[in-house]
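Student: Residue numbers (the numbering used here), protein chains in the order written: chain A, 298 to 939; chain B, 50 to 391; chain C, 108 to 203.
Cross-link-like lysine-lysine pairs, in silico, DSS-like; alpha carbons within 25 Å at most:
1. A:K691 x B:K278
2. C:K113 x B:K362
3. B:K344 x C:K115
4. B:K344 x C:K113
5. B:K276 x A:K691
6. A:K706 x B:K276
7. C:K199 x B:K362
8. B:K278 x A:K693
9. A:K299 x A:K873
10. C:K115 x B:K362
11. A:K693 x B:K276
12. B:K225 x B:K159
Restraint ranges, calculated between C-beta atoms of paired labels, are given here:
13. C:E137 x A:G723: 23 to 33 Å
14. B:L194 x A:K918: 44 to 54 Å
15. B:A307 x C:E114: 30 to 40 Å
16. C:P140 x B:Q260: 26 to 36 Å
17. B:R343 x C:P140: 18 to 28 Å
Everything labelled a hint here was simulated from the structure, so no lab data went into it. The structure displayed is predicted, hence computed values, not measured ones. Note that CB positions come from ideal geometry on N, CA and C, so glycine has one too.
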Amino acid sequence: MKIVITGLGAHCALGENIKTLWHAIEQGKSGIAPINRFNTDSFHTQLGGMVPSGNCYDTEDQRLLAYGRAAAAEALQHAKIVNRDRVALVLGTCNGLQESEIQTVSVDLKNALDLGGPVLTFSTACASSTHAIGFAADLVRRGVAEFVLAGGVDTLSIEVFAGFHCLGLLSKNPCAPFSTNTGTTLGEGAAFMILESERSAKKRKIAPLATFMGYGLSADAYHDTTPIPSGAGMAQALSAAVTDAGLTPNSIDYLNAHGTGTVANDTAEWRAIQLAFGDVADQLPVSSSKSFLGHAQGAAGALEAVVTLMAMQHEVVPPTINFTKPRPNVPTDPVAEPRPRPHPIQHAVSTNAAFGGFNAALIFGQTESPQQIRRDEPRPIRLIGTGKVEDCHKIKQFAPNSELRTIDKSARLLASAVAVALTNAGIQLRTPDCESIGLFVGQTKISQESIEAFSESVAARGLASFSATAFTRMACSYATGVSCRLFGLKGPTATLSTGLGSGLTALVTGADHLAWRDDVNSLLTAAVDEPNELDDYDNGAASVLLTVGEEPASINLIGWALATDCEEAIVQALAKASLNHKDVVPMVVPGPPTVADLWAVIAAIDALKSGEPGPFLISSKDDGTAGAAVILQNGSKECNQI
Amino acid sequence: MTETEVGYHAIRNSVAFAEEPELRCLQLTGSQAFEALDAVCPCDIFLQDGQMRHTLLLNENGNPFADVYVCREAENAYLVGYGSNVDEIIDWITDHATGITDFLITDLGKSHANLAFDGPYAWELCAEVFGTNVLGLPYLGMLVLDDIFIFRAGRTGEYGYHLLVPIDQKNTWIEKVLTTGAAFEMARANEAARAQCVLENFFFDINREGQYNLTPLELQLQWRLSKQKDTYPGAQAIQELRQAGLTHRLTCFTTPDAVNTNAEITYDGEIVGQVLASGYSPMHKNYVGKALLRKPYWHAGLDGFRAEDSPLKTISAPAVNNLSLNVSPYHHSFHTRKEELT
Amino acid sequence: MQSNLKEKIQQRENTFNRVIEMLISSLQLEYSPDELDADTPLFGTGLGLDSVDAVEVIITLEAEFGISLDEGDSIFALRTINSLVDVVMSRKENIQ
Numbered sequence: 298m299k300i301v302i303t304g305l306g307a308h309c310a311l312g313e314n315i316k317t318l319w320h321a322i323e324q325g326k327s328g329i330a331p332i333n334r335f336n337t338d339s340f341h342t343q344l345g346g347m348v349p350s351g352n353c354y355d356t357e358d359q360r361l362l363a364y365g366r367a368a369a370a371e372a373l374q375h376a377k378i379v380n381r382d383r384v385a386l387v388l389g390t391c392n393g394l395q396e397s398e399i400q401t402v403s404v405d406l407k408n409a410l411d412l413g414g415p416v417l418t419f420s421t422a423c424a425s426s427t428h429a430i431g432f433a434a435d436l437v438r439r440g441v442a443e444f445v446l447a448g449g450v451d452t453l454s455i456e457v458f459a460g461f462h463c464l465g466l467l468s469k470n471p472c473a474p475f476s477t478n479t480g481t482t483l484g485e486g487a488a489f490m491i492l493e494s495e496r497s498a499k500k501r502k503i504a505p506l507a508t509f510m511g512y513g514l515s516a517d518a519y520h521d522t523t524p525i526p527s528g529a530g531m532a533q534a535l536s537a538a539v540t541d542a543g544l545t546p547n548s549i550d551y552l553n554a555h556g557t558g559t560v561a562n563d564t565a566e567w568r569a570i571q572l573a574f575g576d577v578a579d580q581l582p583v584s585s586s587k588s589f590l591g592h593a594q595g596a597a598g599a600l601e602a603v604v605t606l607m608a609m610q611h612e613v614v615p616p617t618i619n620f621t622k623p624r625p626n627v628p629t630d631p632v633a634e635p636r637p638r639p640h641p642i643q644h645a646v647s648t649n650a651a652f653g654g655f656n657a658a659l660i661f662g663q664t665e666s667p668q669q670i671r672r673d674e675p676r677p678i679r680l681i682g683t684g685k686v687e688d689c690h691k692i693k694q695f696a697p698n699s700e701l702r703t704i705d706k707s708a709r710l711l712a713s714a715v716a717v718a719l720t721n722a723g724i725q726l727r728t729p730d731c732e733s734i735g736l737f738v739g740q741t742k743i744s745q746e747s748i749e750a751f752s753e754s755v756a757a758r759g760l761a762s763f764s765a766t767a768f769t770r771m772a773c774s775y776a777t778g779v780s781c782r783l784f785g786l787k788g789p790t791a792t793l794s795t796g797l798g799s800g801l802t803a804l805v806t807g808a809d810h811l812a813w814r815d816d817v818n819s820l821l822t823a824a825v826d827e828p829n830e831l832d833d834y835d836n837g838a839a840s841v842l843l844t845v846g847e848e849p850a851s852i853n854l855i856g857w858a859l860a861t862d863c864e865e866a867i868v869q870a871l872a873k874a875s876l877n878h879k880d881v882v883p884m885v886v887p888g889p890p891t892v893a894d895l896w897a898v899i900a901a902i903d904a905l906k907s908g909e910p911g912p913f914l915i916s917s918k919d920d921g922t923a924g925a926a927v928i929l930q931n932g933s934k935e936c937n938q939i
Numbered sequence: 050m051t052e053t054e055v056g057y058h059a060i061r062n063s064v065a066f067a068e069e070p071e072l073r074c075l076q077l078t079g080s081q082a083f084e085a086l087d088a089v090c091p092c093d094i095f096l097q098d099g100q101m102r103h104t105l106l107l108n109e110n111g112n113p114f115a116d117v118y119v120c121r122e123a124e125n126a127y128l129v130g131y132g133s134n135v136d137e138i139i140d141w142i143t144d145h146a147t148g149i150t151d152f153l154i155t156d157l158g159k160s161h162a163n164l165a166f167d168g169p170y171a172w173e174l175c176a177e178v179f180g181t182n183v184l185g186l187p188y189l190g191m192l193v194l195d196d197i198f199i200f201r202a203g204r205t206g207e208y209g210y211h212l213l214v215p216i217d218q219k220n221t222w223i224e225k226v227l228t229t230g231a232a233f234e235m236a237r238a239n240e241a242a243r244a245q246c247v248l249e250n251f252f253f254d255i256n257r258e259g260q261y262n263l264t265p266l267e268l269q270l271q272w273r274l275s276k277q278k279d280t281y282p283g284a285q286a287i288q289e290l291r292q293a294g295l296t297h298r299l300t301c302f303t304t305p306d307a308v309n310t311n312a313e314i315t316y317d318g319e320i321v322g323q324v325l326a327s328g329y330s331p332m333h334k335n336y337v338g339k340a341l342l343r344k345p346y347w348h349a350g351l352d353g354f355r356a357e358d359s360p361l362k363t364i365s366a367p368a369v370n371n372l373s374l375n376v377s378p379y380h381h382s383f384h385t386r387k388e389e390l391t
Numbered sequence: 108m109q110s111n112l113k114e115k116i117q118q119r120e121n122t123f124n125r126v127i128e129m130l131i132s133s134l135q136l137e138y139s140p141d142e143l144d145a146d147t148p149l150f151g152t153g154l155g156l157d158s159v160d161a162v163e164v165i166i167t168l169e170a171e172f173g174i175s176l177d178e179g180d181s182i183f184a185l186r187t188i189n190s191l192v193d194v195v196m197s198r199k200e201n202i203q
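Can you build the whole structure from these sequences, using the hints too?
Tutor: Here's what the structure looks like:
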């Protein structure tokens, strides 16, 4: 199935729609200016890429929703979508240090725009919306939704500004990626695109803007805030994306880099491009839109994808502005010019990298780019390891104390579950066997322990000097990154939320990823839930290791589905497994909300192993986002029948 | 300048090259390679791919007989460092890795020659000679490039790389290094030059203080031991010493005049310690050394000591500020250093 | 022992104890004070701290001792526990 892009929307420092955004880029005009929304006197820089209209809201929540709504509405209108019932929303956001659950803004946005499809939220720090767009394409391919509204939104709060300031990452001058002035400038905003099948666009008589060619994900497994200097992680995501798109490096005409302007990022990223593209790298125009927009955190990937798509439409490559003199080890051609350079683009890559070591790359093609070759049949999936954890100290069995310093409770819980599942499957931790494994985690909120530590630190020391360590933990994806780092998991990685069903959604999304893609053969799916003082449940985490291929005595995933609600998910999962409702045994286990479903999956696996016939059905609970369902069966039983 | 002075100057200001036959490099393969290391090493063997960790090999009395890094590259483990000799280390590991059998130790010294590079611009020379992948190597990182093993770790306080090249390629590489090195004012550094740098940085020297039957506690090397492990060779002796309490400790000192190794150190006429190593530091413009001092004289920042006829004062380690700390592969180059660092 | 030496040693010990207390609590080190040797390197080897920890140490130094390090100072002040003790002692007369 060929996936096309039929609508774009943006709301950012360069204006409130894609027209003003592109006009500014054509003029070489930067959106970076002194911040007047909050007081920056106690910081050594005052710059930000702020949305001009952003000052008229009272709270970050209002601002977040307003930006998202404006950009999303533009994309829907651009794609001329009338019936919003069949529109899914896949949103990437970090949601700047909010204590509320990460999917709150997505649900608000769905309600505000009256969307009828499932709602997924990806939170992988600064790669959030890049992940969202990649997974959105898969939802269309799998038929989960006819249209997907995919993108990202984030606001620049004083806490986020202070956090980056504290880490010494902010530049005194407007950020100048690849140039001698080092450091980044933060930004904010929202951007969205509409993805649908080419057939659907044809049927609606809508001319597509571009083809979605493919994407690639990876984890560095190296450090909480620093990319691996060799660039190996990003290189892996780039190569996976090129393969997914059915292309070769020499068919890429432009690369829109993450290019934050920091020394660590820019150098590692260029090494990654060199590793993945070889000799072609020197001829490749590589520019960073952050020189125009600042670093819009979770929205950066979507904004930069929109810039890339606009550039393809206008047959130019956008420049890297603010550039004075090249630093060592940066792109040979950073497009250091004041205006866009005329240059036809058949295929373009857009990359993002995030704290925690998450890398993502998207590839877009012109509308006539052919459909990528995909497998016709899903690969069979079996479940080979499980980890159920309630005690966060369990991690001490798997890693020395020196490695666990500063790690919060959610990370301890999740890492424990991951380690138990790997060990349970007979996989030695930190070996090359772990390197190819991916990790999809359902998590709805930042660790309560870290939220408290951060608040205490701000209260005690003020915004100009709070704890840098505490700040680095204030991301929903922190626990996922730690788990990758501790055990050397470098495959495709994501942190996502669908509220209550997050754990099961991670499992279903992981199963889809394994069944239909080629970049990974084993994937851990997991969930973690750490209660706050108002919750009346205990800590919990779960992890289930999935792998492809059939084996005689294995526990198999014979049906799985993600849908708008649970009922529909169950119907579809049953249909995939060719079973009726009466043929399956529902399995329900009490537990922390986002983890209980995976505990039920583990209970079902244990039951099947102990000889119970099954097949078992596990489905999520409805909470207005999406529904997920899976069906498990013992493979040996089926073999006996044959 | 003497040969030693030339080498020293290159280490501290540009880049120095040395063939280092005394470097031991063992490769451990097999499914239990890391278990074997875990059984014999006092540190945690919890390594990421390409990571190195500094530790020691201890005898039953808790005295180090080798100063080593443990490393992981893909499924293989490595032990790289100084002290003892290869055959003895192999036998010792085999003897002490009780019940662990599925591993094989290979002496890379038989197939490879070691070239060492140290200096604030070692990274730049190595990148030019061996390729820019070297620049992506973090401190205490290793990688294998076409049969060349590269370890980023030094003992001079400057950027340091150990490269193991196949023996049959050795001369070709050395030729290339010498040719490229000319533009970096590279010099060969002899052992005396490198040992002086080790001393100035207060790094452990197995050939000096390592010869006095001291434990990691007196040597201020507790950080090379795991906090949790208690079954490695020497663990019991260290535990006993911890309980008994430490009476002496290694401390960095300076004197204006040369003092002999083993000279007594006095305070108000009372013997409070002994010189274990010393040498002239061109950077410090004084003699710098390591002394074993009695508690509570072992603190840094005290003066009034005497050794032989010279006044002696204790200082915090390291004794010198290394230029490498101000040189960044991201911003600098040897060729433009004069504009950059002024 | 001379009383001024005694006093100097006492001052050094007090400062050292304060510094490692600060390091242990701000960096959440799982060490007890007697496991931390005075000349232990802070970054890379030794305690194996990283750039995020460096920020933490610099900020805590300011918050607890009122000592501000500029970029040039901090590279050398943060080499070992002892070099940090030197900085505190040179900027603060009396640490109790």
